[in-house]
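A.B. asks: These are the residues of each chain, in order.
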Amino acid sequence: MSLLTSLARLRAIERGRAQPIATVRHCHLSARPMVFIPLKLSGEAAAPLAAMLGTDPGEPRLLAVTQPRNRDLRFAWAGELAGALLPYVTGFMGETETVERRNADPYERALDAPQLIVPNRAGVAFTRLLGRSTRFRRTDGPFPVPEGVPLLGRWLTYFAERAAYPGSSLMPAATDELGRHWASGQSALEDANLAALLAWITEGPDDAAEDPLIWPPAGPATDPGFDAEVLAPAMESGSAERITEALRTQLEPTWRLVWRAIGLLRELTPGASVAQRWEHDRASYSGMSAQLAEGAPPQARRDGAVAAAARLARMERAQAAYEVQRAYDDPLVMAEYRLTGEAFAGEVVDTAPDHTEGEGRSRKLRPLVTVKTDDLVRIAPGSALGTPQRRGQGAELVSARDGLVTLKITKGMGRGRTPAPGAVPEVGERVCYSSLTDDFQGAAALPEPEETPWTHGGPPRPYEPTDEDAREEWS
Amino acid sequence: MTHPGAGPGAGPGAEPEPTPEEVVRRVLDDLPRHRGVVVDSPPGAGKSTLVVRAAAHLAATGEPLMIVAQTNEQVDDLVARICDKHPRLTVGRLSAGGYVPPRRMLELPGVTVGTRVQDLGDPDVVIATADKWAWISGRTWPWAIVDEAYQMRSDKLLRIAGLFERALFVGDPGQLDPFSIVDGDRWSGLSWDPLQSAVSVLLRHNPDLPVHRLPVSWRLPASAAPVVSRAFYPFTGFRSGTGPGDRRLELVTGGMGTVHDRALEEAARSGWALLELPNRHTVRTDAEAVEAVALLAARLLQRGAVAGSEQGERPVTAGRIAVGAAHRDQVAAIRNAGLPPEITVDTANRLQGREYDVTIVLHPLSGRRDATAFHLESGRLCVLASRHRHACVVVARAGIAELLDAHPSAEPVQLGVPVKFPDGWEANQAVLDHLAAHRVQA
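Chains W and G, in that order, are what the protein sequence lines are. Residue 134 in the UniProt record's numbering sits at position 134 of the first sequence; the count goes up by one each step and never skips. Residue 42 in the UniProt record's numbering sits at position 42 of the second sequence; the count goes up by one each step and never skips.
Rather than coming from a laboratory, the hints here were simulated on the basis of the structure. In this text, a Cβ means the ideal position worked out from N, Cα and C, and glycines have one as well. Incorrect hints may appear among the rest.
[Claimed, not checked] Computed footprint of chain G on chain W; a stretch qualifies when at least three of its residues, placed anywhere within it, have a C-beta under 8 Å from a C-beta of chain G:
(1) 300-311
(2) 444-454
[Claimed, not checked] Label-pair ranges, simulated between beta-carbon atoms:
(3) W:358 to G:429: 49 to 59 Å
(4) W:402 to G:419: 46 to 56 Å
(5) W:399 to G:409: 36 to 46 Å
(6) W:214 to G:235: 49 to 59 Å
(7) G:80 to W:380: 17 to 27 Å
(8) G:96 to W:104: 23 to 33 Å
[To be verified] Just a sample of chain W residues kept apart from chain G, beta carbon distances all over 10 Å, derived:
(9) 66
(10) 83
(11) 95
(12) 112
(13) 229
(14) 256
(15) 296
(16) 320
(17) 340
(18) 349
(19) 415
The whole structure should be built from the sequences, with the hints applied where relevant.
C.D. replies: Structure follows, in structure tokens:
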């Protein structure tokens, strides 16, 4: 935990209210998100019990499995879920834009994308398991499943994998997003309880949040007391209505909480880079839609050696970019870096806008700027710098001594003999520079999967879907 | 990590411990017989010497050789060593665009520097970092030597393994594991987990490859080798090449009885000292600890330390002293405390593979109120505690043992992941236990 967050947590305890740790919203919020709250049967890894979902806070749709131990009923439920979820998920490919690419064919990108919001991280994990248990099934052959189930499995798998992708907003968990914007006075473990975290942010800490009779767990696991005293007798009675109504009592409170969390996040202004990350999400979603349209097989059970390395490289790149963007979008996040000496803010006290380096043809414009700062600067001379005030600009630290930092601008000040107007900060302007820059080198190419080297087990056997896939043991 | 049945002398009733020379000869003999050969080398056991010798041995066969190291410093170092020992070998040093070769490299005969293989002519040996090799394609080498292979992530090996037919992998299994800024749980248990080290992945797919172990540390003194061996290499122990008394550290000018002087005197006498500050929870850049570290370094220079060893007597100059810490902000804070610029101050990560006469270490757990997996990683402490030829002074707040007791390692156990030895928690306790006998309280 960083110093500022620790301080915010202490303040939260002192004041009895969660403290903001961000000044802008760092996630995209869809105009029409779908809230998805899955429940599972206790003691089973991936036996769905119920789900509440919908895009309208006033119209939750409840789907329940009246006997989760019955596989046929489970997959019938998955079929219903597909019917409720897939029209929303696939409905965004209607409106697209054509995107030109370097070294590749142009492609169609959806103008908007679906957003599934789950209450907590466990909800994401369970979505992944649901996807895993449905995507390899077939609608024909032995053990057929209802129409739409295999496709549902692929989409759920896609969303859950995307949730692990840094900066993606296709499947956010409400507790995670709230935790990125507010620091409560409780532990990280307690923050995973949506009711408790929301109470800290709104009315202040509330013991009721821990009482399953008032705020049932946000899933996917249910309250053991409810299981024993309400659910078990309802299932024994065999009444579908009784079971459904019992489950509704467990889901509805969470439903309200998730929408409340969305409302809180919506009040924040989105950060400058949020749209850019959402664009990546839209592109990714469009790519997935295109793959499915071409009849691609279900996602592999495990990443092969090459696929794993490729995914790792993409994720690391996204993580690094996400951290930089958050800091550039939000002075409060940048403050963390100022505290660790990786950034500094202050007033410009001197400039030499026409300063040059080199002679003759290799003479280059390198405007100098001197900043007076109270921050402790721990950036080595020669390090590359960037600034939130002028995003395209590159600079280099020349010296930092006694609260005076001199830097030279190396990029983004125009090509002329004098800098473009506004490119060099004026004396008196307040600026912030950081050694955090999103100037990444791309990763080197990986071998094709069929050329996996001997050090990594050699080429894998290609995957061919068979009926055996459906025979996998699911218990 | 251990390789069961791997190195000679691993089990009971095994043949007598081979000499380093025997090990090297077995390695060279194994090279043509196997696709890959792994050599585990504890700190300062002559890993670079082995790499240079193997390079000359392979180059003598007339077949081209590629060498892979992990950082530019390591590459430059190897180039210098190869040219020094085998001036007749031609060496091509591949580098990225922005790389500025040190002047000493340009003066070396037989060395060419370039950004493309074509620019190098046709040297006996081509050497570059793993990152640079990943951009090379269109040619294969019959032989490769991968240096610091335990610090190399397996996804890097995946990018370059197509470039060579056979390879010698050399590294120190006790040092820091490769890491990532993203969570890699989804791959844990896979035999090709990209976050595992190159050697782990190599051996999981090719369990029959021979694994050798260098048995003697030439760097660590007799006072340190048993401590480091016991704490960090519990199943693959090593010994020091020098005996007790072979290494001496003398402080020429007298001390003033301050805690810093007493800590230095203890270190000079026994090879270890723990300067213990009062128990306190602090921020990472604990100002008092930083000051203590800086004062120790300054006093060490003022007192004119002289190191005596099998290499003769020489003064411990600033260039022979290193200061190590866990985090970059701690390093920056220590540098800002006004040390002579010749003293190396760096993180454990970047001190890997380096050697100094005296090291001053800010203990990774000093002043902390929790012990995370990062701080408990045995490799971090191992690197910090095994860079010295003569003495190591550790600065720490009291209460680390209690902190460790309050934070037993509780990482989830993942299926299919080989158990890692040593356990960081246990290694930390072992080192603390040893340091307790050399404690100077502030």
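A.B. asks: What hints, given by number in increasing order, does this structure fail?
C.D. replies: Numbers 16 and 17, in rising order.
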